[in-house]
Amino acid sequence: MIGVGKMKQYTNVLDRPLSKGKQEVSLSAFAFLFSELVQYNQTQVDNIAELERRLEDAGYAVGARVLELLCHREKGNRRETRLLGILSFVHSTVWKVLFGKVADSLEKGTEHEDEYMISEKELLVNRFISIPKDMGTFNCGAFVAGIVRGVLDNAGFPAVVTAHFVPVEGQQRPRTTILIKFAEEVLRREARLG
Amino acid sequence: MPPVAPRSGDAIFASVERVNAELFTLTYGAIVRQLLTDLEEVEEVNKQLDQMGYNIGIRLIDEFLAKSNVSRCVDFKETAEVIAKVGFKMFLGVTATVTNWDAEGTTCSLVLEDNPLVDFVELPDTCQGLYYCNVLSGVIRGALEMVSSYLNGRLGLSVDNLVSMKTEVTWIRDMLRGDDAFEMQVKLVKQVPEEYPYKDDE
Amino acid sequence: MANTACFMIVSKNDIPIYEAEVGAAPRKEDAAHQHQFILHAALDIVQDLAWTTSAMFLKGIDRFNDLVVSVYVTAGHTRLMLLHDSRNDDGIKSFFQEVHELYIKTLLNPLYLPGSRITSSHFDTKVRALARKYL
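Residue numbers (my numbering), protein chains in the order written: chain A, 1 to 194; chain B, 1001 to 1202; chain C, 2001 to 2135.
Don't read these hints as lab results, they were simulated from the structure.
Remember, predicted model here, so these are calculated numbers, not experimental data.
One should not assume that every hint holds.
Heads up, incomplete: computed chain A residues facing chain B, CB under 8 Å, no partners named [what the hints assert, rightly or not]:
(1) Gly21
(2) Leu33
(3) Gln44
(4) Val97
Here are the simulated lysine-lysine pairs, DSSO-like style, with alpha carbons at most 27 Å apart [said to hold, decoys possible]:
(5) Lys22/A / Lys1067/B
(6) Lys20/A / Lys96/A
(7) Lys22/A / Lys1085/B
(8) Lys2093/C / Lys20/A
(9) Lys20/A / Lys75/A
Idealized CB from N, CA, C, for every residue including glycine.
Just chain A, same shape as in the assembly:
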């Protein structure tokens, strides 16, 4: 039975217009889904490192798509060619669309030239999952680290990206830092471009 819905029937996905990104679902719907993603992956691994790697891989493919979609829709088809440009794209555009806000901070590492950190007081995926003590340093933010790596790698800025809990003085819960370590080729190209 054809209902009274407003959505037109398209013969093929390629005929359907790209979404404007305004549709929403409840946070809890996402939380339930994400929780199943984590729990499923727990059954597939023997240790925390493997669990994080699987979540990162799951996020990577999301990042590849997010890069293309958002550059087109939000940045008027502007392709980032500089390091600070792509970092700003991640910290502002990607974060705003996926998490509803720009990231709390973007900092350059003080000890290493090739390191940058995007930090969030309460990363969305860490808000509703409490890590049991026997899981040590496991961070669900690995999924987000994967998304970031997917964006950076496909944009031509390969990097190792990991998620870490960082205790903050005066705060009960630690903040989450996404640590980005760029490959050498990226820094060489940056130097060359001047």
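Could you slot chains B and C onto chain A? The hints should help.
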């Protein structure tokens, strides 16, 4: 005290914290991809998606009941309506319609035209048997199974009125297979009078 | 309409994932292979150029006899490449932009593996229609 009016799906959705549906859609896509890689057999993926949905369904019922103030659903018909109008809306931001009731009122269809699980999904030839949205059938099944037992507990119904709604959910229409909507048939399989062994301790 | 036009989509890893002869001239097997070879040979130039601008459309980046190579580099470094004899830059740009959108939609399919061949016949039909319209 007069009974509190049940809140509309729109009102609840407006009052809860929300996220961009794209995050949801992309994450679900990542889950399906992982399952296809790990399990290879499409039928296994369908089963796993249904199980995940079931796990979600039995957990979300708490929030559903707490936020929607629905009075005791007197029968399956009312329950289905509430799930379609309030349940879907408060979690997915879209409403479903309930149709095709059979004469006994134990089978109906839930029809969805707008589905945030799906965006630009096209089933490749290797995945023709995949029920991409199968998580939904599990959610419906899990939620319905829990509806009655929670209501029974909270409202202190007499032992004669306790029921559990076990259902079978099957896909009738699938937009990814060229249909014009997503349609799940929900069939009550048994109304099981619930065991309430601790009643005498209260 | 362009007499000769060979269109190719090359993945970030330099692998062709789609190609089509979209010119008005009758198709010739050898010509098609030669066209793809020319486009592939231009990849190095494209790679260097891509880092000098944030624009996606790079027109006339290489020549071969009376044929010109124009390229459109997406955010993810997928290259839309066109070997053509026409000088209709505006038409070419529009063609690239519309195919770009088709590519994004293809990529958004969670069951499509990025970097793999685009096999959808609907995609092919639409690309050819866009070529007739703009080139």
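Outcome of the hint check:
{"no.": "1", "hint": "Gly21", "result": "6 Å, holds"}
{"no.": "2", "hint": "Leu33", "result": "6 Å, holds"}
{"no.": "3", "hint": "Gln44", "result": "7 Å, holds"}
{"no.": "4", "hint": "Val97", "result": "6 Å, holds"}
{"no.": "5", "hint": "Lys22/A / Lys1067/B", "result": "24 Å, holds"}
{"no.": "6", "hint": "Lys20/A / Lys96/A", "result": "14 Å, holds"}
{"no.": "7", "hint": "Lys22/A / Lys1085/B", "result": "21 Å, holds"}
{"no.": "8", "hint": "Lys2093/C / Lys20/A", "result": "23 Å, holds"}
{"no.": "9", "hint": "Lys20/A / Lys75/A", "result": "13 Å, holds"}
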